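Quick note, this note's numbering runs 30 ahead of the 1-based positions in the sequence shown.
Honestly, the hints are just simulated from the structure, not real lab data. It is possible that part of the hints are untrue.
For each label pair, taking beta carbons as the anchor points, the in silico distance ranges come out as [said to hold, decoys possible]: (1) E323 - P469: 44 to 54 Å; (2) R62 - R257: 43 to 53 Å; (3) T338 - R487: 51 to 61 Å; (4) E166 - Q219: 50 to 60 Å; (5) R487 - A64: 17 to 27 Å; (6) R486 - S227: 12 to 22 Å.
With a cut-off of at most 25 Å between alpha-carbon atoms, the simulated SDA-like pairs for lysine to any residue come out as follows [stated by the list, open to error]: (7) K335 - G267; (8) K335 - A268; (9) K335 - E325; (10) K335 - G350; (11) K335 - E392; (12) K335 - T285.
These numbers were taken from a predicted model, which means no experiment stands behind them. Note that beta-carbon positions come from the ideal geometry of N, C-alpha and C, so glycine has one too.
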Amino acid sequence: MTELSMRPATDPASARATGSTTTPIPGIADLRRAVSGPVWDPGDVDVVTELAGFNLAPTHEPVALVAATSAADVAATVRWARVRGIGVAVVATGHADFSHRGVVVVSTKRLDRCEVDASERTVTVGAGVKWARVLEAAAPHGLSAVTGSSSDVGAVGFTTGGGIGPVVRRFGYGCDRVRRMRVVTGDGQIREVSPTSDPELFRAMLGGKDAAGIVVEMTVELVEMTRFYGGSIFFDGADAPAVMHAWRTWQQGLTENTTTSIAILRAPDMEAVPPPLRGRTVIQLRVAHLGPEIEGLEVVGPMRKVATPIVDMVTDMPAGAIDAVHCDPTEPMPCWTTGAFVDTVEADTVDALLDAAGPQRELPVILVELRAIGGAGMRGTAGCLPRVPYVVGVVAPMVGPLVDVVPTVGHGILDALAPWSPGTVPVNFASPQTIAARPGACWTDAERARLAGVSRRVDPDGVLGGRRLGLR
């Protein structure tokens, strides 16, 4: 795709936010005839409703919005855009940080197939399905899924970004469970992709997001999991050094049946926050132990003795309650995220994190977390993500004057941990600013080259996300 063809079809500065009066481009009538789902002009009031998602920070200014009802709709949209030299972006549940301007946006919310095959221990899901629906469908069969920290996240988006969840040390990345995918590539083709059918593209889609294609449906393996011992324990911010250093040594001795993480949480003074935590900076220990409750009590016991908990929510739970591990917010909010893989967590690593983001600092940040993710589940992969034992994540509000401040603060926290990081960024943690500062930072040099090659092969004109992700 030429540089000219990548320019927005309208001047973003003259447009309003989502649902702006951006003038539709010629040929949109042809697009309406080519697809079965609704197609909206940029100024249509339905654009706002259709693009509404969990993250309220992005503002979209599409040249057209297509509400796809099938893989054929997605393919027809890509072909229409390709002929006109326009990019295509995809939105499902709206958890991402990226704004889409001057491109055709495809909404996959209506691709809602969710079918469990209990005999094969798999589920087939469309791109509009959230993990909560999968968990509900799998539970009657004694099965569960490798989800994210929130079941409100879309199954496909989580998985194409690799998929780091609360039981990652036992079951690995979410992408490692994928058996097959139906993918629309940038050349407008619908492809059935598996480890034996175009393995290069299969690998690229698992951790490569939409760099090479748009996943409209996938079949993933379910796991045998009916319950777990877990949840969150909250400690006062004043106990941060003791709790975080204790966590560092404690988690190193755990088996792969236990996945843990720890976070510095600046809990907002909001009604949705439990009163003991409201408006306080606290340390949040998260635990998911796959074993009997009596065993879990013994595993977590040492951490309960480090300091006096403010709130202790760790208990025996059904598999469907996996959201209780991280206690992610459930109400839509404007937010910003970034993160990085970390090779090792030493005493100096914890000290550096506390110095950069500890309770003593006044920062416009909600959460800074360290997740221990190395384990049995991380030893093999079908995808293009690195196998690194830790991840650091940063979540911040993206409102008012903070919009110009938050990225600098967030990246400063990552810089503090740079001596212990290989420099790669989890795809689902990558903000637009992170990608702009370090194009292609989500992958190692070898994987980035491999991904770029696949992207050029199946998306020769750069219609899809390869350019946005720093691969083109």
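Structure-based check of each hint:
1. E323 - P469: 44 to 54 Å: holds (47 Å)
2. R62 - R257: 43 to 53 Å: Holds, at about 49 Å.
3. T338 - R487: 51 to 61 Å: This hint holds: roughly 58 Å between Cβ atoms.
4. E166 - Q219: 50 to 60 Å: violated (34 Å)
5. R487 - A64: 17 to 27 Å: holds (25 Å)
6. R486 - S227: 12 to 22 Å: holds (20 Å)
7. K335 - G267: Holds, because 16 Å separates the two Cα atoms, which is no more than 25 Å.
8. K335 - A268: holds (15 Å)
9. K335 - E325: With a Cα-Cα distance of about 17 Å, the restraint between K335 and E325 holds, given a limit of 25 Å.
10. K335 - G350: violated (29 Å)
11. K335 - E392: violated (28 Å)
12. K335 - T285: holds (20 Å)
The structure does not agree with the numbered hints 4, 10 and 11 stated previously, though it agrees with the rest.
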